[in-house]
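These protein sequence lines are chains A and B, in that order. Just so we're aligned, residue 6 is where the first sequence starts under our numbering, counting upward by one. Just so we're aligned, residue 6 is where the second sequence starts under our numbering, counting upward by one.
Treat the hints with care, as some may be off.
Stated by the list, open to error - Simulated pairs of lysine-lysine, DSS-like, Cα-Cα distance not exceeding 27 Å:
{"#": "1", "chain 1": "A", "residue 1": "K26", "chain 2": "B", "residue 2": "K93"}
{"#": "2", "chain 1": "B", "residue 1": "K235", "chain 2": "A", "residue 2": "K7"}
{"#": "3", "chain 1": "A", "residue 1": "K151", "chain 2": "B", "residue 2": "K281"}
{"#": "4", "chain 1": "B", "residue 1": "K26", "chain 2": "A", "residue 2": "K7"}
{"#": "5", "chain 1": "B", "residue 1": "K195", "chain 2": "A", "residue 2": "K172"}
{"#": "6", "chain 1": "B", "residue 1": "K281", "chain 2": "A", "residue 2": "K26"}
{"#": "7", "chain 1": "B", "residue 1": "K151", "chain 2": "A", "residue 2": "K7"}
{"#": "8", "chain 1": "A", "residue 1": "K151", "chain 2": "B", "residue 2": "K33"}
{"#": "9", "chain 1": "A", "residue 1": "K151", "chain 2": "B", "residue 2": "K93"}
Keep in mind that the hints were calculated from the coordinates and are not lab data.
2 protein chains.
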Amino acid sequence: MKLNNNFDNIPESYLFANIGKKVNEYKKANPNADIIRLGIGDVTLPLCEAVVTEMSKAVREMGTPEGFRGYGPETNCYSYDFLTDALKKYYAKKNISLEDHEIFVSDGAKSDLGSIMDLLDTDNIILLPDPVYPAYLDVNVIAGHKVIFSNANYDNGFVPLPDPSVKADVIYICSPNNPTGAVYGFDALKAWVDYALAQKALIIFDAAYEAFVGDSSLPTSIYQVEGAKKCAVEICSLSKTAGFTGTRCGYTIVPSDLVFDGTSLNKRWQRRQTTKYNGTSYIIQRGAAAVFSDAGFRQTREQIAYYKNNAAVIGAALDELGIWYCGGKNSPYIWLKCPNGMKSWEFFDLLLEKAQVVGTPGAGFGKNGEGYFRLTAFGNAERTKEAVERLKKILK
Amino acid sequence: MKLNNNFDNIPESYLFANIGKKVNEYKKANPNADIIRLGIGDVTLPLCEAVVTEMSKAVREMGTPEGFRGYGPETNCYSYDFLTDALKKYYAKKNISLEDHEIFVSDGAKSDLGSIMDLLDTDNIILLPDPVYPAYLDVNVIAGHKVIFSNANYDNGFVPLPDPSVKADVIYICSPNNPTGAVYGFDALKAWVDYALAQKALIIFDAAYEAFVGDSSLPTSIYQVEGAKKCAVEICSLSKTAGFTGTRCGYTIVPSDLVFDGTSLNKRWQRRQTTKYNGTSYIIQRGAAAVFSDAGFRQTREQIAYYKNNAAVIGAALDELGIWYCGGKNSPYIWLKCPNGMKSWEFFDLLLEKAQVVGTPGAGFGKNGEGYFRLTAFGNAERTKEAVERLKKILK
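Next comes chain A alone, as it looks inside the complex:
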């Protein structure tokens, strides 16, 4: 049996696994250390009441002959109407009109960001931003694609624009961005859509953090930009919208208008999903739909406000310390320039050892991340304040 040896071309360990290892070693050496984690992008607030109520009901239903559900509706790629309807209404509020068959419920964005590789020929040029969420790079290396980068940096505020002289087949955009927290405006996103259309390229738009956008002058979906339905897939998740990191649900939009060489990507994705996926749990789909009910929406947006307040607390401290950063306003991520010209892992070690605060070294996200550092707003408010005080103490 011949192995896919593209795996040899990706680093053996995953960034967050490396961080975990460093933290565990530190804890072993300092068992009483009071560590505050502002590193991995995991949420901390419990699921909201509306979601808990609906999932509890769904679990009970599943235990009764009348309420039991087996495989989800095959005709709709296992997505239930109650959830696709809720999502259609959510998109309608963004002035985007979607059909049922354009909405695919998933078990989270990460699965679909990987699964979509199945639709692509090996011979494609993939354009990623640098710095980048590592999984985008890794899945493309595993698939044997040629990967090129666009530079996100201090000069362009970490929102790079397309270079028409660069040939690309697939373009990844994440806005609000992970790891930088930077958000594309309408004009910049339009430039990418126009570029993709001109290149006959596919945009994979990761909207996982869209719910953090409070500024109404910023897009929360790529389909708010004209022409996007002809060139973009949008992948979203409830992980950050509603604290579903451990509950697992997301959705992927593949518009009917998305046609390459006469082939409907929507039909291809349907075929992929019915062959290699069997749907998201009925119970979880019920919980996901509750996120978009009046109560669920209010409750989850309160949680987002809580996290955004953490981001504001971190931002205020960085302002006070005179440290440059982006993100943190319409995003749960704060991307800061390491003070005193420090390198990313150097700053990681300093924060861990001197302040017992864990963040994520920017270098883990690509060469342009070197010298930068990611903090997240997903912690407890009191603990975030405590972390900020410690930062101020060691950096002043």
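Model the placement of chain B on the given structure of chain A, informed by the hints.
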């Protein structure tokens, strides 16, 4: 953007979608028809009490600050100890010793049967049985693999043995088999393990129906056969073990001993899963663990007994009608030879039109399935009896 045009080589519609279409057309033309579905392999009994209780508890936990869980443990590919421990004990009862890191919790067998393609080079020869569960074939066609078949037929009782003169890199075995219900004995399975070891081939063993094996002289895991840990991955699901078709949980075993060209498949699979998957919902993992509790095990085995009784009812009718079949004893599937030399779809139409019973045409599973027909035991007991009476009436 260049598409993966291997998709052009698979039939556009999926077998069960075709059946669904035919049934819907019949229902439109005959709105009062009382249709009994013994076709698609979906379960009908509700989740057992032990599973409902544990999932209800997990949902409530997720709504509290103390009980909330985000991403699953990354170090264990997002599988929780409480579930891997339960699975280790389940395998120990089969005299198989597993380590935590050899057990990967999934959202179902179908996902992992597809995802495992990522580990394989395109240049591999895949040996499938014919007839075959369509997804095995489709995922390999999508991946661009060369597929060859071993003939399962009347003469070998639908349990083909390896032909040492045939070169294969990856071998699929499903036992108890879908669609035929045939079950491999120890000697036959040992022949496949020896063949795989000699060929340096990988066996993908689908054990989704293992819980239906009542005969203790039959293996329920490939690892009960010596040498299997050096050549086989085992993919299993709780869909049929515990009625999880709509709840979604399975597990995949990738032994540490599985090494190809000096590369650990276990480590590769870990890397694949941490990159392209984010784990199974905590709530669902709690439900899955409950399946292996004393109460859960008893309750789910009672459900299996109920389904096996349906299989016995169908089998008795076929015996009475003098129709040859296999399966139905240690399997939920009954694979019958269409009477009077009828073709599979011909028999499908006859049953639908004359008896309003829906089954699955054997031809949908491959050329050796032509002239055969699959019935499943997953229906309601009374309805199954009614279906059997209708069959007797039209076939006597």
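Here is what the structure says about each hint:
Only pairs whose Cα atoms come within 27 Å are accepted, and K26 of chain A paired with K93 of chain B is accepted, the gap being roughly 26 Å. For the hint linking K235 of chain B to K7 of chain A, the alpha-carbon distance of about 15 Å falls within 27 Å, and the restraint holds. Annotation: proposed proximity of K151 of chain A to K281 of chain B holds, straight-line Cα distance about 19 Å (limit 27 Å). With a C-alpha separation of about 40 Å, the suggested pairing of K26 of chain B with K7 of chain A is violated against the 27 Å cut-off.
Simply put, K195 of chain B and K172 of chain A have alpha-carbon atoms about 53 Å apart, too far for the 27 Å limit, and the pair is violated. About 21 Å separates the Cα atoms of K281 of chain B and K26 of chain A, which keeps this hinted pair within 27 Å; it holds. Under the criterion of a C-alpha separation no larger than 27 Å, the hint pairing K151 of chain B with K7 of chain A is consistent with the structure, at around 13 Å. Restraint check for K151 of chain A and K33 of chain B: the C-alpha separation of about 51 Å exceeds 27 Å, so the hint is violated.
The hinted pair formed by K151 of chain A and K93 of chain B fails the criterion: a straight-line CA distance of about 41 Å is larger than 27 Å.
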